[in-house]
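What follows is the residue order along each chain.
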Amino acid sequence: MQTNAAVTPSTLSRRDLPWQISWDIHTCTLCGRCTAICPVNAIEPGVFRKRSISSPAFGLKDKPGSSFSVYHGIRQRTDPGYACVGCSMCSLVCPNNSIEPVKSEITDMLRFHRDRAGLPRTRGGRRNNSESVLDQIKFIRISMLTDPALDAGRHEFEMRTLIGRVLSPAKAIKAQREKGWMPPVREIYPLLIGGMSFGALSPNMWEGLQMGVAYLNEELNMPVRICTGEGGCPPRLLRSRFLKYVILQIASGYFGWDEIIHAIPEMKEDPCAVEIKYGQGAKPGDGGLLQWHKVNKLIAAIRGVPPGVSLPSPPTHQTKYSIEEAVAKMIQSMSMAWGFRVPVYPKISASSTSLSVLNNLTRNPYASGLAIDGEDGGTGAAYNVSMNHMGHPIASNIRDCYIDLVKLGMQNELPLIAGGGIGKNGNLAANAAALIMLGASAVQIGKYIMQAAAGCLGTEGDRCNICNIGRCPKGITSQDPRLYRRLDPEMVAQRLVDVYVSFDTELKKIVAPLGRSTSLPTGMSDALGISDKGAAERLQIKYVV
Amino acid sequence: MCRLFSLTSRDPVSPIKAIEALEMMKEGHDGSGIGIFLSDLAGPFSKFRDLPILSGIFTQAGLRRQEDYMTGQGFLPKYRLILDVKDSPPPGTPPREIYLIQVYEPPQKWQSHAPEERERLMTRTRLTLRHMGQEKEDMVVFSFWPDVIMIKEVGDPMDIGGYLGLDREELFARRIMAQGRQNTNYGINLNACHPFFIQGIASMTNGENTAYVPIREYLSAQDVVGYEGYQSDSEVFTHILHFTLKELGLSLEAYKHIITPLQDSDLLVHPDRNFLTTLRQSCRRLIIDGPNCVIGCLPDKTMFMVQDRKKLRPGIVGGKPGLYAFSSESCGLDAVIPDRDKTKDFQPMHLDTAIVSPDCEEVRICRQTQPLPLQH
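Chains as they are written, first to last, in the numbering used here: chain A, 1 to 545; chain B, 546 to 921.
Because the hints were derived from the structure by calculation, they are not lab data.
There could be a bad hint or two in this list.
Keeping only pairs whose Cα atoms sit at most 20 Å apart, straight-line, the calculated DMTMM-like set for lysine to aspartate or glutamate is [what the hints assert, rightly or not]: (1) B:K571 to B:E907; (2) B:K855 to A:E218; (3) A:K174 to B:E773; (4) B:K681 to B:E612; (5) A:K50 to A:D79; (6) B:K856 to A:D151; (7) B:K855 to B:D811; (8) B:K571 to B:D704; (9) B:K856 to A:E156; (10) A:K171 to B:E715; (11) A:K171 to B:E792; (12) A:K407 to B:E565; (13) B:K571 to B:E874; (14) B:K855 to A:D498; (15) A:K407 to B:E798; (16) A:K174 to B:D811; (17) A:K542 to B:D704; (18) B:K856 to A:E158; (19) A:K407 to B:E773; (20) B:K855 to A:D151; (21) B:K623 to B:D595; (22) A:K174 to B:D809; (23) A:K179 to B:D817; (24) A:K508 to B:E792; (25) B:K571 to B:D556; (26) A:K171 to B:D704; (27) B:K631 to B:D768; (28) A:K244 to B:E874; (29) A:K268 to A:E325; (30) B:K856 to B:E792; (31) A:K174 to B:E798; (32) B:K592 to B:E642.
Covered by chain B, per the in silico footprint, the following chain A stretches (three or more residues, Cβ under 8 Å) [as the list claims (entries may be wrong)]: (33) 8–22; (34) 164–170.
C-beta atoms are modelled at their ideal positions from N, C-alpha and C, and glycine is treated no differently.
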């Protein structure tokens, strides 16, 4: 811009942006692939005018002067609406490695201008904070000479968990003898794929995950379960035998439940469970959100809504006004819909009120568990402020709940499912095992699966994070066929299987040295240590330095 | 790894027999302690078969406090045996004042109580004495139960056997369990010596229960008198057995199904699969882990041995009609029953419960894949 041009408050330079495009004029072929693929149009073909000064040697006839030439290249836009998100798709498609985004090391100014028209920043992704208490936890109780260490590769391991209300031994035996009602219980793999809706995810991503889950169950005998999230379920899946691998989620928008209820008479199998979502870790106290960009005809049809409108679920279930209403009646209604054959459990965001919910559930004979999602949980769309600042870490929350159950003697009766930030820095098995030993019966993951099974580019450094506007450059969270056709469902399925099989090996590599193989070591807190004294005290595990 | 030896006999046997077997297996224990459980007693104690016997170690002051308490509660002292020690204690054994074995007649009012209530009161009495002892460190109580004597001491088993004169006739018994201790995880602690005992049920283990903490937490919260004050990761085996028999009313055959349930491939073809699935799920927090060989004795004097799911510990049972023994190693059996038919020795594997009934006629093997006897 001209030096005397008007400067608006939101006029930024490249340096003010969080990501700068580094472009090499010498190797660029001007093929245009980078500008074509950029999901946010942060770069555009540029025509640059260049002035050359000539200053001939003294005494010659030529006088000093200047000339102008034109060259073509890549221009990074500085309008806050088009700021680079660092996804590096430009780098991915460049034939000559001529372009890449570089993360600025200084504090960007863009953050102060992401509220145009009074609309605060919304985005997808995660909390963008790489700190993790789970990563600090070490497994310290290694059996070596006091007993023979187990062989992760050759011994048998029983690592399944139970989802469902497990009766106390005396009650279970009584119910068995008297042929009374036994609450439904599922024996499943302790690593669940958490709720990511059809709508938040692209059709290809969903299909890939479902295929991978079916393969794990039917070919590898790993009872892996996947939750639908709040967005309904494709009609064919509802009527297929694969429904037994699926946890149906109902949330405050009830999206897709008209279709599900109508499909019940035609279901060949019961679903694994029903999850009632009251909250999620990424945006506690806020409802689900599917922005209009992603509500195409297909999504609208499955959800039973008109296309092209944003779908914000209310923060709470609107017809309910108290915990009794919200929890007891909903659990009972959902149980009744499947003849009390399907476990029904609520999912809440981790909060200092989690214990109240748990205590309520312990007195509800139909409650089949409690899923708790910590502040590091991810989402397809949320307000930036909710993601960054709202919520409770999962570690202490799950520990408090487990210790509460221990006091009540009910730690085998109401399974706790932990979620939020497991594997956020890549340490999936270690984080999952730590949460299990703190008291979780199972853990659920979402972002990790997107990263590992589909190549999601999001990191804890505010990279990409545009799941909300349907421009996912990998086609994972987009509803635009031009984008999601980039994602091959078969390859997603294959990667999902890779992830689970390698997780299984790593989990065994953790529990075998601890001398555990006969059952999942839920609550084995004596195995855990941490070098942070405050955390050790809070989690009631060993302080080790 | 600790060494275990137990014997069950039609005729009374000296406890020193079991210690001799431990001596044969000495490479496997470091002499850090011995625990002995005696039941089906011969000699003078056989006259008081229904009266509870208190076993423990006391200081003079502790003994007075104990007597005051028991008298105050209305117990009437009957026969008493004090193990008069010889000379000074062997190396590693601290000097103690009184090793007491005392028969009591319960208060008159107990007669109106149901048997279960009387059992609970006996356990409570033992716990009260234990708590009193912990408070002033002047008494250690091992058991308070009819027809049961327990002795525990720190040191080498053979030395202690001689020191306490365990070959005396008053201590002859038909059921004897003994552990030669190998101290590993915990500091040398008298209370951590096996066997452990609750309400007629005793068990001892060589191994390490890596699922100890979750099991302990679960048992402690079950509101059962006596599930407290755990000193050893093996103590929970005794309490799980008690829970199986007394709280759930199941038989010994179900014990193995609780501590190491069958896996799916076996469970799906088991005739009792529905019941066993229920048991596996509802008793999940009682599943043990790690290498463990458990030997136990029931209130009806049945003795048994089970192994962990992977059979990581040695264990052998053998003998002849009238005398059978369970041992960590076959050399232990050789020391006590050399004239048995060794071809009939049996080493229980990961699915087996080896059981010898009080008639001592034979070793019965119950495999987990077999149908369960009808559960009452």
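Comparing the hints with the structure gives:
no., hint, result
1, B:K571 to B:E907, "violated (28 Å)"
2, B:K855 to A:E218, "violated (27 Å)"
3, A:K174 to B:E773, "violated (26 Å)"
4, B:K681 to B:E612, "holds (15 Å)"
5, A:K50 to A:D79, "violated (23 Å)"
6, B:K856 to A:D151, "holds (14 Å)"
7, B:K855 to B:D811, "holds (15 Å)"
8, B:K571 to B:D704, "holds (12 Å)"
9, B:K856 to A:E156, "holds (12 Å)"
10, A:K171 to B:E715, "violated (45 Å)"
11, A:K171 to B:E792, "holds (11 Å)"
12, A:K407 to B:E565, "violated (45 Å)"
13, B:K571 to B:E874, "holds (11 Å)"
14, B:K855 to A:D498, "violated (28 Å)"
15, A:K407 to B:E798, "violated (30 Å)"
16, A:K174 to B:D811, "violated (24 Å)"
17, A:K542 to B:D704, "violated (39 Å)"
18, B:K856 to A:E158, "holds (16 Å)"
19, A:K407 to B:E773, "holds (14 Å)"
20, B:K855 to A:D151, "holds (11 Å)"
21, B:K623 to B:D595, "holds (12 Å)"
22, A:K174 to B:D809, "violated (23 Å)"
23, A:K179 to B:D817, "holds (15 Å)"
24, A:K508 to B:E792, "violated (34 Å)"
25, B:K571 to B:D556, "violated (27 Å)"
26, A:K171 to B:D704, "violated (49 Å)"
27, B:K631 to B:D768, "violated (43 Å)"
28, A:K244 to B:E874, "violated (49 Å)"
29, A:K268 to A:E325, "violated (31 Å)"
30, B:K856 to B:E792, "violated (27 Å)"
31, A:K174 to B:E798, "holds (18 Å)"
32, B:K592 to B:E642, "violated (27 Å)"
33, 8–22, "violated (count 0)"
34, 164–170, "holds (count 5)"
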